[in-house]
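Student: Chain residues, written in single-letter form:
Protein chains: 2
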Amino acid sequence: MSDKAPWITFRPELKVLDCTVRDGGLVNAHQFSDEFVAAVYHACVDAGIDYMEIGYKNSPKTFPKEKFGPWRHCDESDLRRVVGDHDPEKTGLKLAAMADAGKSDWETQIVPAAESPLSMIRVAFYAHQVSEAVDMIRHAHELGYETTANLMAVSNITEEEIDTVLDAIAPTPATTMVIVDSFGYLYREQIDRLYRKYAGALEGTGKEIGIHAHNNLQLAFANTIEAIILGCNRVDATLFGFGRGAGNCHTELLLGFLRNPKFEMRPVIDVIQNYIMPLRKDLDWGPSIPYNITGQLNQHPRSAIEWREGATPDDFLGFYDKVVAEI
Amino acid sequence: MSDKAPWITFRPELKVLDCTVRDGGLVNAHQFSDEFVAAVYHACVDAGIDYMEIGYKNSPKTFPKEKFGPWRHCDESDLRRVVGDHDPEKTGLKLAAMADAGKSDWETQIVPAAESPLSMIRVAFYAHQVSEAVDMIRHAHELGYETTANLMAVSNITEEEIDTVLDAIAPTPATTMVIVDSFGYLYREQIDRLYRKYAGALEGTGKEIGIHAHNNLQLAFANTIEAIILGCNRVDATLFGFGRGAGNCHTELLLGFLRNPKFEMRPVIDVIQNYIMPLRKDLDWGPSIPYNITGQLNQHPRSAIEWREGATPDDFLGFYDKVVAEI
Numbered sequence: 001m002s003d004k005a006p007w008i009t010f011r012p013e014l015k016v017l018d019c020t021v022r023d024g025g026l027v028n029a030h031q032f033s034d035e036f037v038a039a040v041y042h043a044c045v046d047a048g049i050d051y052m053e054i055g056y057k058n059s060p061k062t063f064p065k066e067k068f069g070p071w072r073h074c075d076e077s078d079l080r081r082v083v084g085d086h087d088p089e090k091t092g093l094k095l096a097a098m099a100d101a102g103k104s105d106w107e108t109q110i111v112p113a114a115e116s117p118l119s120m121i122r123v124a125f126y127a128h129q130v131s132e133a134v135d136m137i138r139h140a141h142e143l144g145y146e147t148t149a150n151l152m153a154v155s156n157i158t159e160e161e162i163d164t165v166l167d168a169i170a171p172t173p174a175t176t177m178v179i180v181d182s183f184g185y186l187y188r189e190q191i192d193r194l195y196r197k198y199a200g201a202l203e204g205t206g207k208e209i210g211i212h213a214h215n216n217l218q219l220a221f222a223n224t225i226e227a228i229i230l231g232c233n234r235v236d237a238t239l240f241g242f243g244r245g246a247g248n249c250h251t252e253l254l255l256g257f258l259r260n261p262k263f264e265m266r267p268v269i270d271v272i273q274n275y276i277m278p279l280r281k282d283l284d285w286g287p288s289i290p291y292n293i294t295g296q297l298n299q300h301p302r303s304a305i306e307w308r309e310g311a312t313p314d315d316f317l318g319f320y321d322k323v324v325a326e327i
Numbered sequence: 001m002s003d004k005a006p007w008i009t010f011r012p013e014l015k016v017l018d019c020t021v022r023d024g025g026l027v028n029a030h031q032f033s034d035e036f037v038a039a040v041y042h043a044c045v046d047a048g049i050d051y052m053e054i055g056y057k058n059s060p061k062t063f064p065k066e067k068f069g070p071w072r073h074c075d076e077s078d079l080r081r082v083v084g085d086h087d088p089e090k091t092g093l094k095l096a097a098m099a100d101a102g103k104s105d106w107e108t109q110i111v112p113a114a115e116s117p118l119s120m121i122r123v124a125f126y127a128h129q130v131s132e133a134v135d136m137i138r139h140a141h142e143l144g145y146e147t148t149a150n151l152m153a154v155s156n157i158t159e160e161e162i163d164t165v166l167d168a169i170a171p172t173p174a175t176t177m178v179i180v181d182s183f184g185y186l187y188r189e190q191i192d193r194l195y196r197k198y199a200g201a202l203e204g205t206g207k208e209i210g211i212h213a214h215n216n217l218q219l220a221f222a223n224t225i226e227a228i229i230l231g232c233n234r235v236d237a238t239l240f241g242f243g244r245g246a247g248n249c250h251t252e253l254l255l256g257f258l259r260n261p262k263f264e265m266r267p268v269i270d271v272i273q274n275y276i277m278p279l280r281k282d283l284d285w286g287p288s289i290p291y292n293i294t295g296q297l298n299q300h301p302r303s304a305i306e307w308r309e310g311a312t313p314d315d316f317l318g319f320y321d322k323v324v325a326e327i
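Line by line, the protein sequences are chains V and X. Position 31 (the first sequence) corresponds to 31 in full-length UniProt numbering; numbering is contiguous. Position 26 (the second sequence) corresponds to 26 in full-length UniProt numbering; numbering is contiguous.
Keep in mind that the hints were calculated from the coordinates and are not lab data. Do not rely on the hints blindly, as some may be mistaken.
A pair counts as met if it fits within one copy or between any two copies, since identical chains are not told apart.
30 Å max Cα-Cα, derived DSBU-like pairs, lysine-lysine [what the hints assert, rightly or not]:
no. : residue 1 : residue 2
1   : K15       : K103
2   : K281      : K322
3   : K15       : K197
4   : K103      : K61
5   : K262      : K322
6   : K103      : K67
Since this is a predicted model, take the numbers as computed values, not measurements.
Work the whole structure out from these sequences, hints included.
Tutor: See the structure below:
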């Protein structure tokens with residue numbers, strides 16, 4: 001591992017993606033004000049972050065505009081209203097959007113990259129959707145975007161399914177394959193195993209490995225560090241961990257760990273204090289016992305989210321008894 | 001490492017110590033009701049936890065009884081009032097108290113083990129206090145206690161100081177030497193390095209290595225797992241992470257990770273819901289940005305604690321600017 005810098009220095013090729021608006025929008029149906037999204041955008045620019053994922057390119061048929069805010073669909077006009085003539089060169093920031101297999105009108109929804117402020121399309125998919133994902137990656141690549149392959153819920157599928165997905169993604173133009181711990185279930189030894197599997201299958205393709213961790217077991221940051229130590233060069237995080245359920249690896253913790261002097265902490269703390277913390281009056285996220293429980297059981301967090309939104313959010317014992325009775 | 005069980009099974013020799021009352025008492029000057037301490041005690045028994053640290057054997061001269069509750073001194077009469085004729089054999093739980101070098105009247109304060117419900121004295125000390133610590137360990141051992149050596153603030157001293165301490169502790173009767181990350185500063189690679197240093201210096205003494213982690217960087221649980229993977233068999237945790245500043249490794253997360261079927265989760269969630277969560281109305285602990293900042297800077301959390309207790313606890317940016325100006 002002679003190409004790995006020790007932790008006291010840094011790897012310039014390591015890129016941080018802040019997905020606060022995209023993942024956090026799963027908590028509030030992407031009903032953010034333009035001011036909020038602009039504040040996150042400017043914080044990312046000022047902090048030296050490499051990529052900002054500003055939302056989903058998902059279908060307004062699946063996610064009607066009466067119910068879901070603009071960042072679920074990322075119409076070009078909505079993007080332009082907030083980021084104007086965004087220039088990746090001048091700002092050092094590339095904008096990304098995620099498209100979900102099965103939930104995106106990607107054939108028509110994605111305009112040529114030259115006409116969009118977006119530089120990257122991240123394709124999210126479950127294992128059984130890998131064929132559509134490959135088509136999506138090729139299509140977005142042809143339109144001029146950098147693309148990534150984000151296989152979700154990897155803790156819940158077989159080794160054979162993972163191998164099949166990796167074989168299918170290897171020849172695509174995706175620059176990155178992301179390890180996605182959707183259920184916040186993975187311990188460090190499993191991160192190690194997955195990293196080696198991904199890296200082995202993608203050897204020689206020039207693809208980078210990414211990491212997207214959830215915080216059900218308070219391991220999102222730790223697992224992200226572990227992936228970085230192993231060689232991951234594409235790293236997801238969100239401001240104060242804002243994201244569905246237990247939330248994500250915290251951007252401010254990650255930047256504190258990375259030693260690249262281009263990163264600035266102050267704009268990150270500023271936007272957290274003035275834009276993220278106020279959301280906590282109305283929205284719930286971050287590790288709590290219901291999310292611990294679903295994480296430990298390798299379950300989707302939806303039952304914990306429902307409990308936290310229900311009549312007795314702090315009746316942890318009631319949730320525990322319910323879950324134990326159901327397994 | 002043929003003696004290490006894979007994570008899916010368990011190591012019977014791994015022992016869990018819950019230090020909720022001892023470490024949490026640093027948040028409220030150990031002003032707990034008897035009912036609270038009894039509830040934690042019964043939860044530890046019911047959960048199959050191996051050791052419960054019920055407080056400090058520290059001096060009432062240093063910590064006057066008008067200001068500090070009984071669990072700062074652990075007078076035998078206070079212990080008996082709550083745990084009665086505690087029987088380690090019948091309950092499976094051993095009781096421990098911590099004595100701080102420089103703050104304990106250990107020559108007079110510790111009664112013979114046969115007369116006390118306590119089974120273990122943990123000796124906490126800074127590097128410069130190691131000579132007193134050795135005397136304390138020998139004294140408590142002669143009185144019939146199991147003893148441990150807890151070198152605090154290990155992230156803030158030189159390699160040579162650590163080596164000197166390990167050389168001094170090696171010939172003592174302490175059964176365990178604990179890696180104590182007082183400032184919540186250590187990353188996994190540093191845990192690895194310290195574990196190997198401790199294990200190397202203590203090889204052949206029969207001593208176990210312990211881990212006591214703080215959660216400033218949301219790494220307490222992760223670092224505890226790392227220490228376990230390496231071979232630590234003595235592990236500290238607190239209920240819902242209750243402890244000074246950013247708090248500790250959460251007992252409920254730890255038990256969820258360990259696969260020993262003797263551990264029961266339900267009593268842990270029960271006591272958290274009914275006794276720990278209500279404390280949050282008045283007391284502040286757990287990771288937040290001020291603790292992130294002191295952790296990243298390898299500073300004692302006291303400035304962050306003061307900030308959180310001050311007039312503008314959520315002015316993270318103000319704290320950041322203050323700290324940056326001072327370094």
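Student: Hints first: check each against the structure and report whether it holds.
Tutor: Okay, the hints, checked on the actual structure:
1. K15 with K103: Intra 27 Å, inter 48 Å, cutoff 30 Å: intra-copy only.
2. K281 with K322: both (28 Å within a copy, 27 Å between copies)
3. K15 with K197: Answer is within; shortest intra-copy Cα gap is 21 Å, inter-copy 33 Å.
4. K103 with K61: within (9 Å within a copy, 68 Å between copies)
5. K262 with K322: between (48 Å within a copy, 22 Å between copies)
6. K103 with K67: within (15 Å within a copy, 61 Å between copies)
Violation of the numbered hints given earlier is absent; every hint is satisfied by the structure.
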